[in-house]
Amino acid sequence: MDELKYLGQLPRVQAPIGFESRVLAGLAERKERRLRRVKTLRFSLAGASAFLLVGFVVTRLFILPGTGPIASAGGKKDRLIPINEPVDYSREIRELARDSGTIYILEQVSDINTADISY
Amino acid sequence: MDEQDLVRKVQAGDQDAFAEIVRLYKDRIVNYLAQFTGDYQKAVDLSQETFIRVYFKAKKYKPLAPFSSWIYAIASNLAKTELKRSSRRNTVSLEEVTSQFDSGIYSKDRPDTGLIKNLRSALDDLHPRYRIPVILKDIEGFSQEEIAKILNKPVGTVKARISRGRGYLKRELEKALHVRGEGAALKGESHGRA
Numbered sequence: 001m002d003e004l005k006y007l008g009q010l011p012r013v014q015a016p017i018g019f020e021s022r023v024l025a026g027l028a029e030r031k032e033r034r035l036r037r038v039k040t041l042r043f044s045l046a047g048a049s050a051f052l053l054v055g056f057v058v059t060r061l062f063i064l065p066g067t068g069p070i071a072s073a074g075g076k077k078d079r080l081i082p083i084n085e086p087v088d089y090s091r092e093i094r095e096l097a098r099d100s101g102t103i104y105i106l107e108q109v110s111d112i113n114t115a116d117i118s119y
Numbered sequence: 001m002d003e004q005d006l007v008r009k010v011q012a013g014d015q016d017a018f019a020e021i022v023r024l025y026k027d028r029i030v031n032y033l034a035q036f037t038g039d040y041q042k043a044v045d046l047s048q049e050t051f052i053r054v055y056f057k058a059k060k061y062k063p064l065a066p067f068s069s070w071i072y073a074i075a076s077n078l079a080k081t082e083l084k085r086s087s088r089r090n091t092v093s094l095e096e097v098t099s100q101f102d103s104g105i106y107s108k109d110r111p112d113t114g115l116i117k118n119l120r121s122a123l124d125d126l127h128p129r130y131r132i133p134v135i136l137k138d139i140e141g142f143s144q145e146e147i148a149k150i151l152n153k154p155v156g157t158v159k160a161r162i163s164r165g166r167g168y169l170k171r172e173l174e175k176a177l178h179v180r181g182e183g184a185a186l187k188g189e190s191h192g193r194a
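So the protein sequences, as listed, match chains B and G. Quick note on this note's numbering: the first sequence kicks off at 1 and runs consecutively. Quick note on this note's numbering: the second sequence kicks off at 1 and runs consecutively.
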C-alpha cells in the first residue's frame with residue numbers, strides 16, 4: 001500500500017499575513033508584563049522586609065520589655081538582689097542573759113527558716 | 001547571515017535578529033502545528049507562543065543541536081500541552097458540528113472518499129506519541145536522528161514510533177478503502193437492479 005507517500009502531499013499551510021508583527025506585538029506585551037511582575041515582586045519583597053523589621057522592633061521594645069534595652073536601663077531601681085545572711089542571736093542572748101529578771105520570748109515570726117534581707 | 005549568528009544576536013536581546021528568525025521559520029512552524037492539531041487558527045496561536053518562548057529561552061539554547069530542532073522541540077511541547085488541555089475541556093462548538101455535518105466530512109463512522117481527507121482523519125486519530133514523529137518524518141522531512149534530538153528520545157524509540165504510527169495509518173486507510181469498496185459495490189448493485 002503506497003498511500004502513505006501522500007502524507008508528504010497533505011496540503012501545506014502558511015503563516016497568515018502580518019504574523020511577524022503579531023509575534024513582535026505579543027513579545028512587547030509579554031516583556032511589559034514581565035517588567036510589571038518584577039516591579040511588583042520587588043515592592044512586595046521590600047514591603048515584607050519593612051514589615052518584618054517593624055515587627056521585630058515593636059516586639060523587642062514593647063512586647064518583651066524584660067529583655068529590651070529600655071527595660072534594662074529603666075528597671076534597675078526595681079531590681080532585687082537576694083542575699084542570704086545567717087543571723088546568730090545566741091551570743092547576744094547570752095550577753096543579755098546576765099541581767100536577771102529578763103524574760104525572753106522567742107517567737108518564730110516567719111515561716112522561712114533562713115532570714116532573707118533585702119537591700 | 002548564518003543562523004547561529006542570528007541566535008547569538010537574539011541571545012544578546014537583538015529584536016531584529018529575532019524578527020529574521022520568525023520570518024525564516026514561521027511557515028514551517030505554522031504548517032507543522034496545523035498538521036499536528038488539525039486546526040489552523042490554533043496552529044497560528046501556538047506558533048506565536050512558540051516564537052515568544054524562543055525569544056525568552058534563547059539563552060538556554062546550546063549549539064550542540066541544530067537550531068531548527070530546538071524550535072521544533074518547543075513547538076512540539078507546546079502542542080502536546082495544548083492537546084492535553086483541550087482534551088480535558090473536550091468541548092466542540094455547535095458551529096463546528098453543523099459545518100462538519102453539512103459538508104459531510106470528518107466522520108469516523110462515514111469515511112469519505114478522498115484519500116487526503118482519510119489520511120487527515122487518520123492522522124488526527126493517531127496518538128500524539130506516534131503522530132509527532134510521523135509528521136516530522138513524512139511531512140516535515142526530518143531524519144530519524146534529528147527527530148530523536150527534537151523529542152529527546154533514543155533513535156530506536158523514534159524508529160519504533162514511526163513504524164507503529166505508519167502501521168496505524170495504513171490500517172485506517174485500508175478500512176476506509178474497504179468501506180468505500182463496499183459502498184461502490186452496493187451502488188453498482190442498485191444500479192443493476194434498476
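Derived by calculation from the structure, the hints in this document are not laboratory data. Please note: incorrect hints may appear among the correct ones.
[To be verified] Below, a sample of chain B positions facing chain G; criterion: calculated Cβ distance under 8 angstroms:
1) Val13
2) Gln14
3) Ile17
4) Arg22
5) Leu24
This one's a predicted model, so the numbers in the text were calculated from it and none came from an experiment. C-beta: ideal position from N, C-alpha, C; glycine also.
Each hint, compared with the structure:
For Val13(B), the shortest C-beta to C-beta distance to chain G is roughly 5 angstroms, which falls under 8 angstroms, so the interface hint holds. The interface hint given for Gln14(B) is met, as the beta carbon of that residue sits about 5 angstroms from the closest beta carbon of chain G, less than 8 angstroms. Taken as an interface hint, Ile17(B) does not check out: its beta carbon lies about 11 angstroms from the nearest beta carbon of chain G, beyond 8 angstroms. Proximity of Arg22(B) to chain G holds as hinted, the smallest CB-CB distance being about 6 angstroms (cut-off 8 angstroms).
Because the smallest distance between the Cβ of Leu24(B) and any Cβ of chain G comes to about 6 angstroms, under 8 angstroms, the interface hint for this residue holds.
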